[in-house]
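Student: Could you put together the complete structure from these sequences and hints?
In order, the protein sequences belong to chains A and B.
In this text, residue positions in the first sequence follow my numbering: the first is 14, and each later residue adds one.
In this text, residue positions in the second sequence follow my numbering: the first is 81, and each later residue adds one.
Some hints could be false.
To be verified - Okay, the calculated bits of chain A under chain B, using three or more residues with CB under 8 Å as the criterion: (1) 64-77; (2) 86-93; (3) 142-152.
In short, the hints are calculated from the structure, not lab data.
If you're wondering where the values come from, they're calculated on a predicted model, not measured in any experiment.
For glycine and all other residues, C-beta sits at the position ideal for the given N, C-alpha and C.
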Amino acid sequence: MIIEVVGPRLLGPAVVLAIAIIVKGYADVGDAFSAAVIVALAIGLRYVSLGRERAEQGLPILRHASTITAIGLLLALGVGFLGVVRGDPPFTHLPAAGETVITIGSLELITAVAFDIGLFLLVTGALVVLMHHLAELVAGRDQ
Amino acid sequence: MPGSFHIVVKRLFRDLTGSAGILAAMTARTSTALAWAAIAMAAGAFVALLIGWLGGGFVLDLPWAPTLGLRLDLALDGIGALYALLATGIGLLVFAYGRAYLPLHLGQAERPAPDAWRFWSWMVLFMAAMVGLALARDLVLMFVFFDLTAVASYFLIGFDREQREARGGALMALVVTGVSAVAMLMGGVLLYVEYGTFALPALIERAEPGGVTLAAGALIATAALAKSAQVPLHFWLPRAMVAPTPVSAYLHSAAMVAAGVLVLGRVHPLLALNEVLLTALIVVGFASIVVGGVLALAQDELKQILAHSTISQYGYVVVLYGIGGSAAAGAAALYVVTHAIAKSALFMTAGAVTLATDESRLSRLGGLGTRMPLLAIASGVAAATLAALPLTLGFFKDELFFGAAIGAGPGIGAMAVVAAALTFAYIGRFWLGLFTGRPGALPNAIPHLLVLPVAVLAVVAGAGGIVVSPFAALAADAAGVSHGAPVAIAPAYHLDARPENLMALAAWALGGLVLVTAGARDRVAGFVARAGDAMGPRRWYGAALHAANRLSDRLHGLEVHDLRTSLAAVLVPGGILMGLAFAVTPTDGTFEVGPILAGDLPIVVLLALGIAAAITAARDPGRFRPVLALSVLGFALAAVYAMVGAPDVALVAVVVETMLTLVFVGAFAGLPPPDPSMPPPVPGRRFRNAIAGVAAGASAFAVIWAALSRVPIASGDAAAQIERVADAHGGDVVTVILADFRGLDTMVEITVLAVAIFGVAALLRRGRAGTR
Chain A
14 MIIEVVGPRL LGPAVVLAIA IIVKGYADVG DAFSAAVIVA LAIGLRYVSL
64 GRERAEQGLP ILRHASTITA IGLLLALGVG FLGVVRGDPP FTHLPAAGET
114 VITIGSLELI TAVAFDIGLF LLVTGALVVL MHHLAELVAG RDQ
Chain B
81 MPGSFHIVVK RLFRDLTGSA GILAAMTART STALAWAAIA MAAGAFVALL
131 IGWLGGGFVL DLPWAPTLGL RLDLALDGIG ALYALLATGI GLLVFAYGRA
181 YLPLHLGQAE RPAPDAWRFW SWMVLFMAAM VGLALARDLV LMFVFFDLTA
231 VASYFLIGFD REQREARGGA LMALVVTGVS AVAMLMGGVL LYVEYGTFAL
281 PALIERAEPG GVTLAAGALI ATAALAKSAQ VPLHFWLPRA MVAPTPVSAY
331 LHSAAMVAAG VLVLGRVHPL LALNEVLLTA LIVVGFASIV VGGVLALAQD
381 ELKQILAHST ISQYGYVVVL YGIGGSAAAG AAALYVVTHA IAKSALFMTA
431 GAVTLATDES RLSRLGGLGT RMPLLAIASG VAAATLAALP LTLGFFKDEL
481 FFGAAIGAGP GIGAMAVVAA ALTFAYIGRF WLGLFTGRPG ALPNAIPHLL
531 VLPVAVLAVV AGAGGIVVSP FAALAADAAG VSHGAPVAIA PAYHLDARPE
581 NLMALAAWAL GGLVLVTAGA RDRVAGFVAR AGDAMGPRRW YGAALHAANR
631 LSDRLHGLEV HDLRTSLAAV LVPGGILMGL AFAVTPTDGT FEVGPILAGD
681 LPIVVLLALG IAAAITAARD PGRFRPVLAL SVLGFALAAV YAMVGAPDVA
731 LVAVVVETML TLVFVGAFAG LPPPDPSMPP PVPGRRFRNA IAGVAAGASA
781 FAVIWAALSR VPIASGDAAA QIERVADAHG GDVVTVILAD FRGLDTMVEI
831 TVLAVAIFGV AALLRRGRAG TR
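Tutor: The structure is reproduced here in structure tokens:
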């Protein structure tokens, strides 16, 4: 009962927390991988509490998890090889050390952040794909 | 499950492209468009290369991986122009032929028209790789293109993938040419270690005779000889005849097999440093001429005759490179051109005849001359070219060959006559058997495009027999690279009793004799063919492949026998390898026990909790308690990380631990209840469990202890990197390591993760379909 009420509502706070962890990652404890696992855990709770059908009805983006995985991978690869296009070794992040950086609050806009966002999308998407299929497997067995 | 990988790949492909809709939407018209696009590409490349060569060639030299000394060094010099023009020119005609052939081929096998896209993409990729190989002057770059041709040939030979023979033939070609290609890389690395460069021009300047150049030359020559289907690595070529005819006409006349002698021609100045290598080339070349020639006489299948003829013909070129010197280099270059023109025409003839009559055996064919006159004349010119009759380009190839052979000594000259006689005999048997004599299977009408390319090649070969100078100029230019100095060759008709002319007459007479004495010829050739089947190298290949397969199966069986062996397969080798590493590493000051301070008390308590949890997990017979104990252990360690000043590691540990615990609980909840009738574990097994666990645990313990007693972070290598965290706009070491210092690792890891996810998803979906 408690899970059914609390589970779906935990997703919002989890996403906020994840964003905080990614952003904080550049100044303090946190990184994209942890953020992704936290969001995935919250989504998992949603699957457990609502069941696959309702979980995905209320949040249709879950059905496109494999696309999100692919987008995340492409984003990370693109950022990683951006340097190669400019003639630098791969994973030369921009702007380079010592150059001025555009900041939004404490967030610095550097390519490493984009790489992390790709990583976040990939890991979250991958875990959701797994949950989707496992949930179907369980549903199929129960019938 | 051997098939599961394919399913995974297929799923992955479908998931990535959206659906099978793209493929289904491709109609026969688009596949025709693909064919014309390939033809246009070949034509464009041919014209561009021709203009480039006439304009004096070019050199494109760009750094590729400077730290490894690799360069993208492409040069349109003589030899590059010769092979690149062959690859694109013959490619153009074969593509045109394939445009007519492929729809009929697919129609016969009742395959959908969209299968054509696989054919054309691999054909074009092959052509590109071949041009790249022709122009490359860097050993590593050559190796890359060399392997690319092998990979493309695998898919082309195995194009009819539902046929078992096609898959086997494709695999054999890939294994033989691909494995021996590694020898070429090894040779290149040997030279790099000695002379500090992979670039051939520099190597040729610096290299000196001796052990290194001998070993490197032998390795490179091995790769080249396997690619050119030379004895004893020739057996893959006849098996590769399962390929569709355009593939054989292209790969097995002008391209794939030519790649081997191309490499020989490129690196010839290095080979020529050691006399013994050249002698070995002569031996291998003549062995291939005889084996290929005699076996060609024994074959009944049209394409098999031609395949064995190819083995024999490239033997000529190898012999010429073995003889060395300017005359032989020129002869080799002209030989390659002439053979490619004639052989691709003959392959296309075989394909056209087979498509028209639905019959591929010489014994069931005959008398086609009156029914397919144009094809008969055109392929007659091609056959005459191969048999070196006058008024064809082929006459000059043998003139130069005889000239070089007689220059190398009377013994080699005599062998050359025997070789030419064999060629005359088997190619005469092929053409006469097809187009003259008693009529066999009747031909149906076939598209003109199947005959036209043969006619074009016949015109080229005939024109070359009258005006040889353009071909001679190209060959001389190419020979200049192989010989290392300008080469002048002057093929021409001479109506006098010079040795070349006498040798040619002797060869025709001898060949005619073999052709006439059919009974004796068939007995000898049949005997050699049977002997080769019984104890030839193909048998060794099969035995080696089976042995490797059995070994792999046995290891695999040992590993996946049950859960226990699966775990042991990870733990025991891991433990042993780490133990060995420790045995050979100096351990001074590595194993230190530091003092325990008062402030360390919480850590000690947490570690004690961890130890207790570990013991519970190992000893408890239940299901949930060990899982919970493992999770306690994980959280305790996470807390320790947090306390020793690594909160970022602790955060990762906490989320991973949460995930793992949930997965474990979920999986265990799905298990059936314990079966009380299960027999108790065998005592001996428990003993083995303990040994495996202790081996793995002890070495892990040693590693961690050693790591913890290392110099403090503040003064190690890591310190320098940690100091630079600020440069990467980060304050958190883990984030910066993942995104910056180890960015490439992270990227590869996430790529593997993505592929694994698609694989797991495919397996789960398939598992569900199976239970329905």
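Student: Are the hints correct? Go through all of them and say.
Tutor: Consistency of the hints with the structure:
1. 64-77: violated (count 0)
2. 86-93: With 4 residues close enough to chain B, the hint holds.
3. 142-152: holds (count 7)
Violated hint for the displayed structure: number 1, the only one.
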